[in-house]
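Engineer: Below, each chain spelled out in residue letters.
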Amino acid sequence: MSSNQWEIGPIFRALMRNKVGAILIAIQIAVTMTIVVNSIFIILERATKIERESGIDEINSFYLTTTGFGSNFDPKSTATNDLELIRSTAGVLDAIQINAIPVSGGGWSMSFQTEPGEEKETEGAAIYMVDEHGINALDLEVIAGENFAAGDVRWRPAGVRDWPDNVIITKVLAESLFPDIGYQDVVGKTIYIQQNEPMIVKGIVDKIQAPWVGWDDLEHTVLTPEITEFESNRYYIRAQPGQRDAIMPIIEEALASSNKQRIIRGMRTVQETRERSYRADTAMIKILSTTMIILTIVTGLGIVGLASFSVNRRKKQIGTRRALGASQQAIVRYFMLENFLISTVGVLLGAVLTVGLNMLLVNIFSLNALDWYFVPAGMLVLWLVGQIAVFGPAKKAANIPPALATRTV
Amino acid sequence: MLTMTEVKKIFRTDLVETHALRDFNLQVDEGEFVAVTGPSGSGKTTFLNIAGLLETFEGGKYELDGQDVSRLNDKKRSQLRNEKIGFIFQSFNLIPDLNLFDNVDVPLRYRGFKGAERKKRIEESLELVGLANRMKHLPSQLSGGQQQRVAIARALAGNPRFLLADEPTGNLDSKMALSVLELLKQINDQGTTIVMVTHDQHLATQAKRNIYVRDGRVSELSELTDINEINLHQAANG
Ligand SMILES: Nc1ncnc2c1ncn2[C@@H]1O[C@H](COP(=O)(O)OP(=O)(O)O)[C@@H](O)[C@H]1O
Ligand SMILES: [Mg+2]
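Residue numbers (UniProt numbering), protein chains in the order written: chain A, 1 to 409; chain B, 1 to 238.
For reference, chain B alone in the conformation it holds in the complex (with noise of 0.2 angstroms):
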């Protein structure tokens, strides 16, 4: 589904080399929930971008859906990402200009889909984060944690295989995060594949799955419960 082997990404600027991934390793099946910690600057963004075609990396081999994605122009990638991946951001990233709706409809327009079928799709993702009734409202009438919720119902209307989120919760109070890792947990039983960074251990224990993630490695952790410890193995191994 999502695999990654020996991935490197160096960032160089005049005075230093940051290895940000240095044999970078992770297989993520079908239907999984991951959750990434580690501390800052581990890399887990990084790992996010390069997962998400974001950002291009130097060594090593990354296959999505099956396909060879190392080299791939700009169109490529972005069709690949328009399709595949939706996004989630700690700062929500919507476009404040734009209503709700409008907002849904950003990646659905670059998909190519017709009105209607846009529409209806707005609609239902609107409607499954609870926010139907506020489509012509602007992001900054809404809290946070609706603007989150209106931010997966942008990553979500595409359809996409596998659901990217960077800090989802880092910017939302604890009510707010459990509600928006809540409604995660519910998409992820209906199929999405779900990777997610977070520092909050406590949220991370409710993925199925924990990786650790420490100098640009995925790496092993004591404190982590049995049952991560296994997933953790079989990343390592994978």
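For reference, chain A alone in the conformation it holds in the complex (with noise of 0.2 angstroms):
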């Protein structure tokens, strides 16, 4: 086939006589662009935070509330048999006393610093405070230095504000308070809390979130070897793979029956938690991919709307054409090609409306930034919407028989 037989020019000067539908089909592919393109840099953006991982044994642990009531009730031999107790039920991997939990959304969190003293700099930290099962139970991983020893396990009276002595910290808050220093050398270093407090790091985990799955410093996590003797604690269980909802009642019955004087409550699993704190994550993105069909179909529609209005009224016109030597394939290309011309202007003023929606959600509600290839990508998904839509009404176009020239007056 010849380049001469593109009609480019011609099409584009019969569209200007006959500008008002094609110019409001541009105009729809624009703003359909710009919501696509939009929307589905956001649902990224969704999906990868939601996609992180907490680095804990997510599936198969759950936990509780216990809250003990009354003048004799003692914290300390409630949690130490409470402990023994899960620890040696079928089916249970391993537990320990905590906190907070891992993206739930509640914890405590601390200021660090290496040198002691007002005015210097800080990271923040989550912390948790586990025995030496920690690691174990939240399934983590000591990538240098070692885990807590049962001696550095200290009871944390109520009202305490001193912090124990050894402490095991994530990764990234190592490499976060040393960067001139790999991770490993961190070991054995002294870190401050409160601005004076020494504490020694005894060993880094590869990774844990911090409870606050909106946090920028997701991975800043800090481990205390502590076992808090408040009237209400939590316990954290990781069930053997597969065993977490038959233990879970189990566990919960078990518990109530070894000690009358506390209530248990909040028993859920990490699963569920996960789901509750990135409830409007999800809702969002079910909200802008419904968005992002209906109008992408509605634009679709829109498009074979407009070709077919163009056929009907051009029917004489294409049976003259056919009579003048169009093949039905050179009929085709007429309404793909015009199409495609009305498209172009659609992306073209698509790709400035859509940087331009996104710069004022980044003032507004400091989203990131597109990244530029959403652009190009976001153009040719309208372009081939608009070209899968036109191909019907084309194909009808190229069944007219070419005796409609002669036969229509």
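Hints in this document: simulated from the structure, not taken from any laboratory. Take the hints with a grain of salt, since some may be wrong.
Claimed, not checked - Pairs of lysine-lysine residues, derived as BS3-like cross-links and limited to a Cα-Cα distance of at most 30 angstroms, are as follows:
{"hint": "1", "chain 1": "A", "residue 1": "K316", "chain 2": "B", "residue 2": "K61"}
{"hint": "2", "chain 1": "B", "residue 1": "K75", "chain 2": "A", "residue 2": "K395"}
{"hint": "3", "chain 1": "A", "residue 1": "K19", "chain 2": "B", "residue 2": "K114"}
{"hint": "4", "chain 1": "A", "residue 1": "K19", "chain 2": "B", "residue 2": "K185"}
{"hint": "5", "chain 1": "B", "residue 1": "K75", "chain 2": "B", "residue 2": "K120"}
{"hint": "6", "chain 1": "B", "residue 1": "K136", "chain 2": "A", "residue 2": "K316"}
{"hint": "7", "chain 1": "A", "residue 1": "K315", "chain 2": "B", "residue 2": "K76"}
{"hint": "8", "chain 1": "B", "residue 1": "K114", "chain 2": "A", "residue 2": "K316"}
{"hint": "9", "chain 1": "B", "residue 1": "K136", "chain 2": "A", "residue 2": "K315"}
{"hint": "10", "chain 1": "A", "residue 1": "K171", "chain 2": "A", "residue 2": "K189"}
{"hint": "11", "chain 1": "B", "residue 1": "K120", "chain 2": "A", "residue 2": "K396"}
{"hint": "12", "chain 1": "A", "residue 1": "K316", "chain 2": "B", "residue 2": "K8"}
{"hint": "13", "chain 1": "A", "residue 1": "K315", "chain 2": "B", "residue 2": "K114"}
{"hint": "14", "chain 1": "B", "residue 1": "K114", "chain 2": "B", "residue 2": "K175"}
{"hint": "15", "chain 1": "A", "residue 1": "K316", "chain 2": "B", "residue 2": "K119"}
{"hint": "16", "chain 1": "B", "residue 1": "K120", "chain 2": "A", "residue 2": "K316"}
{"hint": "17", "chain 1": "A", "residue 1": "K395", "chain 2": "B", "residue 2": "K114"}
{"hint": "18", "chain 1": "B", "residue 1": "K136", "chain 2": "B", "residue 2": "K120"}
{"hint": "19", "chain 1": "B", "residue 1": "K8", "chain 2": "A", "residue 2": "K315"}
{"hint": "20", "chain 1": "B", "residue 1": "K208", "chain 2": "B", "residue 2": "K175"}
{"hint": "21", "chain 1": "B", "residue 1": "K119", "chain 2": "B", "residue 2": "K76"}
{"hint": "22", "chain 1": "A", "residue 1": "K49", "chain 2": "A", "residue 2": "K171"}
{"hint": "23", "chain 1": "B", "residue 1": "K185", "chain 2": "B", "residue 2": "K120"}
{"hint": "24", "chain 1": "A", "residue 1": "K19", "chain 2": "B", "residue 2": "K136"}
{"hint": "25", "chain 1": "B", "residue 1": "K119", "chain 2": "B", "residue 2": "K75"}
{"hint": "26", "chain 1": "B", "residue 1": "K8", "chain 2": "B", "residue 2": "K75"}
{"hint": "27", "chain 1": "A", "residue 1": "K316", "chain 2": "B", "residue 2": "K185"}
{"hint": "28", "chain 1": "B", "residue 1": "K136", "chain 2": "B", "residue 2": "K119"}
{"hint": "29", "chain 1": "A", "residue 1": "K395", "chain 2": "B", "residue 2": "K76"}
{"hint": "30", "chain 1": "B", "residue 1": "K208", "chain 2": "B", "residue 2": "K136"}
{"hint": "31", "chain 1": "B", "residue 1": "K208", "chain 2": "A", "residue 2": "K315"}
{"hint": "32", "chain 1": "A", "residue 1": "K315", "chain 2": "A", "residue 2": "K19"}
{"hint": "33", "chain 1": "A", "residue 1": "K315", "chain 2": "B", "residue 2": "K119"}
{"hint": "34", "chain 1": "B", "residue 1": "K75", "chain 2": "A", "residue 2": "K315"}
Put the complex together from the two separate chains, hints included.
Structural biologist: The structure is reproduced here in structure tokens:
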């Protein structure tokens, strides 16, 4: 096929004589592209956010809160007995008492610094209080230094404000605190909590998220070796693979009957906790996907409508073109090209609007700036939508009999 | 040149079968100017559409320029139409959204001519019909006679062997009709074979040869002039 058969010039000039419909469709394409591209960008960002791993064995774990009452309630013996009971239950892989749950949205944080004193640079980090079972129960890996020994673990009464001598920190926190050395060399270093209180880094773990999924320093986490003697405490239980749901009621029942001086509440799987924490994000993904799909379909139908209308309006012209030597293929090409020209105006305008809307979202909602390739990708998608939508009407046009040129007056 | 032997065309609808052409026999030689007359519904347009490869037919044989065109695919038929045949229609059939230049350009693009070649041909053929100075005008800015001249320019721009015209003067007043006919005669003098369907006896007699179609057949007609009668017999026997 010769390039001279591409009728871009005449098609464009003919379009300019019937601007209104074409311009409306171009604007619709531009708006659709703007919303689709920004939606996809937001969806992908949210999806990436949701997909981040907490670092713990989420699937097999659950937790519950036990709250003691009465004047003779003894938190220490309760905790000791409870942990012994839970750990010896069949189907339990390990269990700990812990002050906060990853991805739950609630927890403690403190500031840490590498030199003592006021007005030093600090790094915030979440704190999980665990005993020597913490690493195993949470499914962490000590990648430098070592785990807490039983002797490191202390009791922490309510109201106490000082901190244990040893800590385990995440690799990310180690690298933030000591950017100039490898994380392995952070083992043995002293860091300071509450400005002046020294703690020695005993080990480095690969990864555990802080409880707040929206926090920038999500992997700034510190494990301290302590068991709290509060009225209310949390147990975190990691089941043997596949045993979680079976042992949840068993543990609840066993704890309840072993000590009548407390109530058990808030038993929940980590999985459910994750779903709750990301609920706004999943909802946003669903809303945006639906909007995007509906809008694309509406635009596609708009293109089908305009093309069908213009095919019907130009039946005689099409017959004449056929009489003058247009093959069916040439007629299909005519309408595809016409749509391509309209779409091109649409996606160029769309590119500007897409970036504009993104800039607006960046300013108002502090979203991230769009990666550049989203724009050409969006243009390509809308071009494709147009070509697919126009194909049916174009085929219909190609089937208009050439004899129509002489049969209609 | 253009030979139809026993060509049949039947239009079928749910209720009726219309035999538009029954054993249609006709030979048109190079350089002829044939006027086709006949009553309404006799099959003139059908004949012209088949001759111009716009419609297929059921039985018989049709040779165009020595080539049997009974069983060609759409692409091949379109190509033949584009190269060998120029069409002129009763209602001109100019494309309303295109100016005269672009209108004449339409068949040339399907032909695959390069830009410079197309421009030359468009200018020459618009020159021939006396409208070269109005190339940028739209069809709606012209009179009917002028529009038909543009359509003739469009039909001729690709140098076809045949010009097929279905009632080319049907929408024109008699003065304009005569000028269009003069133009066609001039084109015929330069070697293009013309087949023209018309209901205007007066115009028909100015063609070199007359044939009369009745009931889907080429038929004899007593009121024709002698010279035309001879032609008619030739056609029937050829
Ligand atoms: N597409 C069609 N479907 C059904 N019948 C048709 C069709 N085209 C033409 N005919 C019929 O075929 C016959 C010949 O028509 P046509 O060739 O247009 O006659 P003319 O041009 O001599 O007036 C007429 O009876 C007409 O009604
Ligand atoms: Mg007719």
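Engineer: Does each hint fit the structure? Answer for all of them.
Structural biologist: We went through each hint and held it up to the structure:
For the hint linking K316/A to K61/B, the alpha-carbon distance of about 29 angstroms falls within 30 angstroms, and the restraint holds. A hinted pair counts as satisfied when its Cα atoms are at most 30 angstroms apart, and K75/B with K395/A qualifies at roughly 15 angstroms. Using a Cα cut-off of 30 angstroms, the hinted pair K19/A and K114/B holds, with the two alpha carbons roughly 29 angstroms apart. Restraint check: the Cα-Cα separation between K19/A and K185/B comes to about 41 angstroms, which exceeds 30 angstroms; the hinted pair is violated.
For the proposed pair K75/B and K120/B, the alpha carbon gap of about 27 angstroms is at most 30 angstroms, so the pair holds. Straight-line distance between C-alpha atoms of K136/B and K316/A comes to about 22 angstroms, which keeps the hinted pair within the 30 angstroms bound. Taking the CA atoms of K315/A and K76/B, the gap is about 22 angstroms. The hint holds against a cut of 30 angstroms. Between K114/B and K316/A the CA atoms are separated by roughly 27 angstroms; this keeps the pair inside 30 angstroms, and the hint holds.
For the given pair, K136/B sits about 24 angstroms from K315/A by alpha-carbon distance, which is consistent with the 30 angstroms threshold. Taking the CA atoms of K171/A and K189/A, the gap is about 14 angstroms. The hint holds against a cut of 30 angstroms. As the CA atoms of K120/B and K396/A are separated by approximately 34 angstroms, the hinted pair breaks the 30 angstroms bound. Restraint check for K316/A and K8/B: the C-alpha separation of about 26 angstroms stays at or below 30 angstroms, so the hint holds.
A C-alpha spacing of about 28 angstroms is found between K315/A and K114/B, which places the hinted pair at or below 30 angstroms, so the restraint holds. Pair hint K114/B plus K175/B does not hold up; C-alpha atoms about 38 angstroms apart against a cutoff of 30 angstroms. For the given pair, K316/A sits about 26 angstroms from K119/B by alpha-carbon distance, which is consistent with the 30 angstroms threshold. With a C-alpha separation of about 28 angstroms, the suggested pairing of K120/B with K316/A holds against the 30 angstroms cut-off.
At most 30 angstroms may separate the alpha-carbon atoms for a hinted pair to count; K395/A and K114/B meet this at roughly 27 angstroms. For the suggested pair K136/B and K120/B, the alpha carbons sit about 15 angstroms apart, so the restraint of at most 30 angstroms is met. As the CA atoms of K8/B and K315/A are separated by approximately 27 angstroms, the hinted pair is consistent with the 30 angstroms bound. Distance hint between K208/B and K175/B is fulfilled; the C-alpha atoms sit about 21 angstroms from each other, no more than 30 angstroms.
Proposed proximity of K119/B and K76/B is supported: the alpha carbons are some 26 angstroms apart, at most 30 angstroms. Proximity of K49/A to K171/A is assessed by CA-CA distance (about 20 angstroms); at most 30 angstroms being required, the pair is judged to hold. With a C-alpha separation of about 23 angstroms, the suggested pair K185/B and K120/B falls inside the 30 angstroms cut-off, and the hint holds. For the hint linking K19/A to K136/B, the alpha-carbon distance of about 19 angstroms falls within 30 angstroms, and the restraint holds.
Simply put, K119/B and K75/B have alpha-carbon atoms about 25 angstroms apart, close enough for the 30 angstroms limit, and the pair holds. For the given pair, K8/B sits about 23 angstroms from K75/B by alpha-carbon distance, which is consistent with the 30 angstroms threshold. Distance restraint check for K316/A and K185/B: the Cα-Cα separation of roughly 28 angstroms lies within the 30 angstroms cut-off, and the hinted pair is therefore satisfied. This hinted pair checks out: K136/B and K119/B have alpha carbons roughly 13 angstroms apart, not beyond 30 angstroms.
Among the hinted pairs, K395/A with K76/B is consistent with the structure: their alpha-carbon atoms are about 19 angstroms apart, no more than 30 angstroms. At roughly 36 angstroms between alpha-carbon atoms, K208/B and K136/B are farther apart than 30 angstroms, so this suggested pair is violated. Between K208/B and K315/A the CA atoms are separated by roughly 35 angstroms; this puts the pair beyond 30 angstroms, and the hint is violated. For the hint pairing K315/A with K19/A, the CA-to-CA distance comes to about 19 angstroms; that is within 30 angstroms, so the pair holds.
This hinted pair checks out: K315/A and K119/B have alpha carbons roughly 27 angstroms apart, not beyond 30 angstroms. Annotation: proposed proximity of K75/B to K315/A holds, straight-line Cα distance about 20 angstroms (limit 30 angstroms).
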